[in-house]
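Chains A and B supply the protein sequences, listed in that same order.
All letters in the first sequence, in the order written, are residues 5 to 325 by the working numbering.
All letters in the second sequence, in the order written, are residues 33 to 354 by the working numbering.
Just so you know, the hints here were simulated from the structure itself, not pulled from any lab data.
As the structure is a computational prediction, the values presented were derived from the model and not from experiment.
C-beta: ideal position from N, C-alpha, C; glycine also.
A couple of the hints might just be wrong.
Stated by the list, open to error - One side of the interface only, derived from the structure: several residues of chain B facing chain A at Cβ under 7 Å: (1) E80; (2) S215; (3) D218; (4) P295.
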Amino acid sequence: MATLLEIKNLKLDFIAGERRLRAVDDVSFTIAAGETVCLVGESGCGKSVTALSIARLVPTPPANYPGGEIFLNGRDVLKMSKQELRDIRGGVVSYVFQDPNASLNPVFRVGTQIKESLKLHRPEKATDAEVIRLLKLVGIPAPESRIKDYPHQMSGGMQQRVMIAMALASEPKLLVADEPTTALDVTIQAQILELLLDLKKRFGMSVLLITHNLGIVGDMADRVAVMYAGQIVELAPALDLLRRPLHPYTKALMNSVPKLGAKHQRLAAIGGNVPSLGNFPPGCRFFPRCPSAQPECANTMPQLVEVEPNRWVRCLYANSL
Amino acid sequence: MNLLEVKNLRVHFPVKHGLFSRVKGHVKAVDDVSFAIQPGETLGLVGESGCGKTTLGRAIVKLVEPTAGSILFEGENIANLDGRELRRRRRKFQMIFQDPYGSLNPRMTVGQIIGEAIDIHHLAADEAARRDRIVDLLKAVGLDPSHAQRYPHEFSGGQRQRIGIARALAVEPQLIVCDEPVSALDVSVQAQIINLLQDLQAQRGIAYLFIAHDLAVVEHISRRVMVMYLGKVVELGEAREVISAPKHPYTQALISAVPEVDPDSKRKRIVLPGDVPSPIDPPKGCPFHPRCPIAQLPRCQAEVPELREVTPGHWASCHFAK
Numbered sequence: 005m006a007t008l009l010e011i012k013n014l015k016l017d018f019i020a021g022e023r024r025l026r027a028v029d030d031v032s033f034t035i036a037a038g039e040t041v042c043l044v045g046e047s048g049c050g051k052s053v054t055a056l057s058i059a060r061l062v063p064t065p066p067a068n069y070p071g072g073e074i075f076l077n078g079r080d081v082l083k084m085s086k087q088e089l090r091d092i093r094g095g096v097v098s099y100v101f102q103d104p105n106a107s108l109n110p111v112f113r114v115g116t117q118i119k120e121s122l123k124l125h126r127p128e129k130a131t132d133a134e135v136i137r138l139l140k141l142v143g144i145p146a147p148e149s150r151i152k153d154y155p156h157q158m159s160g161g162m163q164q165r166v167m168i169a170m171a172l173a174s175e176p177k178l179l180v181a182d183e184p185t186t187a188l189d190v191t192i193q194a195q196i197l198e199l200l201l202d203l204k205k206r207f208g209m210s211v212l213l214i215t216h217n218l219g220i221v222g223d224m225a226d227r228v229a230v231m232y233a234g235q236i237v238e239l240a241p242a243l244d245l246l247r248r249p250l251h252p253y254t255k256a257l258m259n260s261v262p263k264l265g266a267k268h269q270r271l272a273a274i275g276g277n278v279p280s281l282g283n284f285p286p287g288c289r290f291f292p293r294c295p296s297a298q299p300e301c302a303n304t305m306p307q308l309v310e311v312e313p314n315r316w317v318r319c320l321y322a323n324s325l
Numbered sequence: 033m034n035l036l037e038v039k040n041l042r043v044h045f046p047v048k049h050g051l052f053s054r055v056k057g058h059v060k061a062v063d064d065v066s067f068a069i070q071p072g073e074t075l076g077l078v079g080e081s082g083c084g085k086t087t088l089g090r091a092i093v094k095l096v097e098p099t100a101g102s103i104l105f106e107g108e109n110i111a112n113l114d115g116r117e118l119r120r121r122r123r124k125f126q127m128i129f130q131d132p133y134g135s136l137n138p139r140m141t142v143g144q145i146i147g148e149a150i151d152i153h154h155l156a157a158d159e160a161a162r163r164d165r166i167v168d169l170l171k172a173v174g175l176d177p178s179h180a181q182r183y184p185h186e187f188s189g190g191q192r193q194r195i196g197i198a199r200a201l202a203v204e205p206q207l208i209v210c211d212e213p214v215s216a217l218d219v220s221v222q223a224q225i226i227n228l229l230q231d232l233q234a235q236r237g238i239a240y241l242f243i244a245h246d247l248a249v250v251e252h253i254s255r256r257v258m259v260m261y262l263g264k265v266v267e268l269g270e271a272r273e274v275i276s277a278p279k280h281p282y283t284q285a286l287i288s289a290v291p292e293v294d295p296d297s298k299r300k301r302i303v304l305p306g307d308v309p310s311p312i313d314p315p316k317g318c319p320f321h322p323r324c325p326i327a328q329l330p331r332c333q334a335e336v337p338e339l340r341e342v343t344p345g346h347w348a349s350c351h352f353a354k
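For reference, chain A alone in the conformation it holds in the complex (with noise of 0.2 Å):
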């Protein structure tokens, strides 16, 4: 398969009067043609600016990229005019967030939204007719009559349906979805991730999928990427992490969260906190609340090293876990 994203070595500082605090240190990772990968983390561990570096989506400053290439088509991103950025935008990758109601401009009719996309990439197609189809697409009922809506009078899943209407009217190569169900209930959860894997199949696209949730990822990724203090500490296929995870954040981060079904044990809490941006440890950043943790870890950064045929983990005993 032919790759269509790769990121080498990315690097994002942020900016705070005489600080810079590392958001993003080091990350590479590849999407090739037609996968889905996902990344996983907790909150403040730099899975989303990495996702929205790749359309340059983090305003510079206060952002700043000492470091790194992301190679989207075999070209540059970090070093694109305005309008080269302004074509890939929507043309070659597309954005699905988290909050449809925050991402939805609450003046405008959801079918002229829809439309403002054509007509910037495929003006030809800038129809009624073409809305409307798309909106089927996304299994919104009688779209007819939708096309004139306020997201107001939609609710959440709908609006959702909306935003990725939106996302695939410009034909995009990579849809980047950034936690796209989590402000949904389970129920439409799971509406949206087979809608998800459905146009996926359909279209061939790639899948860069940014979520919190383990039991998403076996349902949707086939690799997948693990993020702690703004690097990767583990990379897989994701279900052989599901099954054997080798890191121990994510071992951890699997063992703490309850399954449904499973006998009654306490639960194994990871102890302390994620350490904040600019406060990450000298060592191995996770090396504070590691249980098997050992002196060395304290000083020295492990490097991402390939274990295993395609698994790659970020561990300074990475070898005999």
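Once you've looked at the hints, dock chain B against the given chain A.
Same frame as chain A, but now just chain B:
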């Protein structure tokens, strides 16, 4: 004896329109709900947003006024109490809120936040006793006694939730209504708070009404589980049974929709069509029938199903549950 017994509780909010705020209808947030909680027990309450679970929790601690029905706390009806009478009894039941940022006063120190409850109920004889009590409470929830001098913004989300728990514990309640206490927290911190709540229950015999939308969390912490849909209880039973053998088609769909970590699981996802209908104008008959995969017309459209005991201790409101 039951610690809490709720009988035919209704909470209806008027919907007002126009210049003179004419009442155009009612949102039946809680509609004819009955259940009981034993001392030291955890009853889990699940449902999707808008199903009335938070309103039910707030009505029990009398943060919203019930429209009809009774709330018996240790056999005494508190549904119509107010003022000083209510405050005296509130010592027995407390609440923990979802948002640990919004539920703590940013201008008060942690010591003042916890001490306020002690002062209102005159639980400390003098300043030294009060200070000791605050120190004990902070230790009980896993915080450092020196934290009493600090303000809420100096703490992380998980620590703030611990402060909220210490505040609830300050008056030695017998029942705590926990409204989504872990949903705003990071995954790795959720387990800490769940373990803390379980430890406190084991030490002090507190009963919980644990409200959440995450079924796995609710199953983990609860002895019994109650499922709500559009203001009504659709299923109630032992947690294990409700999760492993749900009787109501809504519960079945809800459980099947939970994304699963185990990639080798054979569970089949039931995708429900449509959205939750508006509680202002709920469907006639069984409120779930427009989305129900096993609905049979005209019966489900005409008859409201009773919540009935399908097997011993396991209740469901579906005509076809068996």
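Status of the hint placing B/D218 at chain A (closest C-beta pair under 7 Å): Since chain A brings a Cβ to about 4 Å from B/D218, closer than 7 Å, the hint holds.
Closest C-beta approach of B/S215 to chain A relative to 7 Å, hint status: Where the cut-off is 7 Å and the nearest Cβ of chain A is about 10 Å from B/S215, the hint is violated.
Agreement of hint B/P295 with chain A interface, Cβ distance less than 7 Å: holds, 4 Å
Chain A contact restraint on B/E80 - CB to CB distance below 7 Å: Holds, about 4 Å.
Comparing the model with each earlier hint shows a violation of hint 2 alone; every other hint is respected.
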